[in-house]
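Participant: Going line by line, the protein sequences match chains A and B. First residue of the first sequence? That's 1 in this note's numbering, and the numbers climb one at a time after it. First residue of the second sequence? That's 223 in this note's numbering, and the numbers climb one at a time after it.
These are calculated hints, taken from the structure and not from any lab test. Honestly, I wouldn't trust all of these hints.
[To be verified] Derived pair list, reagent style DSBU-like, types lysine-lysine, alpha-carbon separation capped at 30 Å:
#, chain 1, residue 1, chain 2, residue 2
1, B, K465, B, K438
2, B, K465, B, K384
3, B, K595, B, K355
4, A, K2, B, K595
5, A, K9, B, K595
6, B, K465, B, K355
7, B, K355, A, K9
8, B, K465, B, K490
9, B, K384, B, K438
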Amino acid sequence: MKVDYLTGKAVCHMSVGADHSLALTLNGLVYAWGANQKGQLGICTLGPNFMRVGLPRLLENLASEPAVYAACGFRTSYIAVVSRHPESDTKVFKRWTKSLVHADRGVQERANYRYSLARRQINKEKLKKEVREERRCPVFSARASPVSRRSPPPSSYYAFWDSAAFIEKQDPTRRVHLFPSHKRGHSVVTVFAPPSTVSEGIHHFPTLSRTAALRPNPMLLL
Amino acid sequence: MLYTLKMEAGGKVDKRQLLLLELLSPDYLMLEVPSELLPASATLACDDPAVFISPSTLEFKSPSAEVSVRLLARPQSSLSLAIRFSFGQSLLVPVYFSQLPAAKLYSAGANDNCQLGFQNTSPDIEVESSPMKCTSIPLEVSYQGTFTTLSAGEKHVLAVTKDGQVVVWGSNESGQLCIDEVQSSTSVPRPVAGLERVWQVACGQTHSVILTYENKVYSCGCGQKGRLGHGSEEPLRQPMVIKELLGYRLAKVAAGYCTSFFLDIEGKLLSCGNYSLGALGHSHSQSLPTLIPDLPPIHQVSSGKAHTGCVDFDGTVHLFGDPSDGRLGSPNPRSEVTAAGLGNERARAVYCGGAHTHILTESLEVYSFGCNKKGQLGLTRSDFQ
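The whole structure should be built from the sequences, with the hints applied where relevant.
Facilitator: And the structure:
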């Protein structure tokens, strides 16, 4: 079966022990997998969860120096690395370290940058939402706003009538005051009690609707 | 490692190919030349006498699309060297081989016989409560010198330094360290006197095989079932030349648990040692290096506990030995993995472990099969329990 985990990692050399394996890539990284009961994978842990490692695992503490050779004993691993070698000024070594090892580091940096961009976008959305919440308090939009956000209903309503058109009706919810008017003889002000039910959009005045219902429908009479 | 260098129509070679060649530092090179550039004959030469080219003179009777040149470089004296192919009078292709000597060597794992190259130190937090002789943190082996290649057995290690010396540490129970003075084990890397211009080392379970520039193969250690190749089963505490192999120009040596393999530059594979369920390639144990029958020319070989894999020049993997756990890729004791099983790619190398096998393809992808009880195959986490 194809080891998909190592696809594209450019494995150029491998070494196999009794029940573990090492893979060396072109850019000098070493992957190890298999049994680890003696720590032969070199992954710096002997914990019970790492007795058997089923997926290739990068030897991270050796990743800073390019490995050039890997060998396995039965339950041992040997990895040869180059760093600060006297021949490090050769063309091959320079190319090796610069282009290949740093290519992987570049991938990591790109990932970090992408993460920071995503993080910034999230913060931006959050800030936008907060500003919208703040600005929402006086809402003057055409759309119906929720009932709870509306200002509380006034405690009383006033209706101004001309004295000529005034029809007095007995209703316990109204109080009628008569004021002298500078234009005419006097004006009538009716004070209504606050509405008992509040529905979407329109305030219904119970007394008025009740009187409308009591009034005979002229259409029915015809 | 095999590498194919493709030449374009104008006789040029892509720079990226050369860079890859530089980094891979292959042992064998195959050159693909367009048919219009092919002359009637060609001569291949190299300035360095440590480079074998086989064949050195090519004659083309019928024009074919590609020509294969097997090239064996031993770049130990110089960091990089140029090989010039001269086709007729006009064409020159410089090829650079490089081998970077290692500056530091880190080791991790079991350390019960000081095979890590230092005394047992347990910096692990988990270990402090119950002292185990192992480390999971890779620690540096202190040695004045740079290692170029290294091979490790069960309890001993042989490393080759830049100036061609062998440095050894670990257990010496069967004399596998080539030093007679050390009785049980040594934690300090010690150079072996008497071995010069060493090119390759290979370690089995309790024996060691050493190949030098002068085509001499030395072996020492435990000699059960003739794994040392001297025709006897006696253990050796001093390295001795295998006389049977003096007529061969060897390219590579390899060692399984109880077997030794010797690869010729023409692709002949010889083996000796224990039968070990067919991993030897013969039906009986052999105490002298014997040619394995029915194999095409081989360029890479690796042997595990009870199975052996080798890659031929066409990129086909040949596996033989114990077929249990699916480590051969098929239930037969002798099987082949062709390009069809590797996503239509040729195999570059095969690596055999205790009960699992890895194949590295030409586009540097890894295929694995065999036992996965300890997660050796490196597949997804859900595939093993």
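Participant: When you check the alpha-carbon spacing of K595/B and K355/B, does it fall within 30 Å?
Facilitator: holds, 24 Å
Participant: Can you confirm whether the C-alpha distance between K9/A and K595/B stays at or below 30 Å?
Facilitator: Judged against 30 Å, a Cα distance of about 25 Å means the pair holds.
Participant: K465/B and K490/B were given as a pair; does the straight-line alpha-carbon distance stay at or below 30 Å?
Facilitator: Between K465/B and K490/B the Cα gap is close to 17 Å, so the pair holds against 30 Å.
Participant: For the pair we were handed, K384/B and K438/B, check the Cα-Cα distance against 30 Å.
Facilitator: With Cα atoms ~19 Å apart, K384/B and K438/B stay inside 30 Å; holds.
Participant: Straight-line Cα separation of K465/B and K355/B no greater than 30 Å?
Facilitator: Violated. K465/B to K355/B sits at ~40 Å, over the 30 Å cutoff.
Participant: Please work out if K2/A and K595/B have their alpha carbons no farther apart than 30 Å.
Facilitator: holds, 17 Å
Participant: Mind checking the alpha carbons of K355/B and K9/A for me, to see if they're no more than 30 Å apart?
Facilitator: violated, 33 Å
Participant: K465/B and K384/B were given as a pair; does the straight-line alpha-carbon distance stay at or below 30 Å?
Facilitator: holds, 27 Å
Participant: Quickly compare the C-alpha distance for K465/B and K438/B to 30 Å and report which way the hint goes.
Facilitator: Answer holds: K465/B to K438/B is near 8 Å, not above 30 Å.
Figure legend: structure checked against the earlier numbered hints; hints not met, in rising order: 6 and 7.
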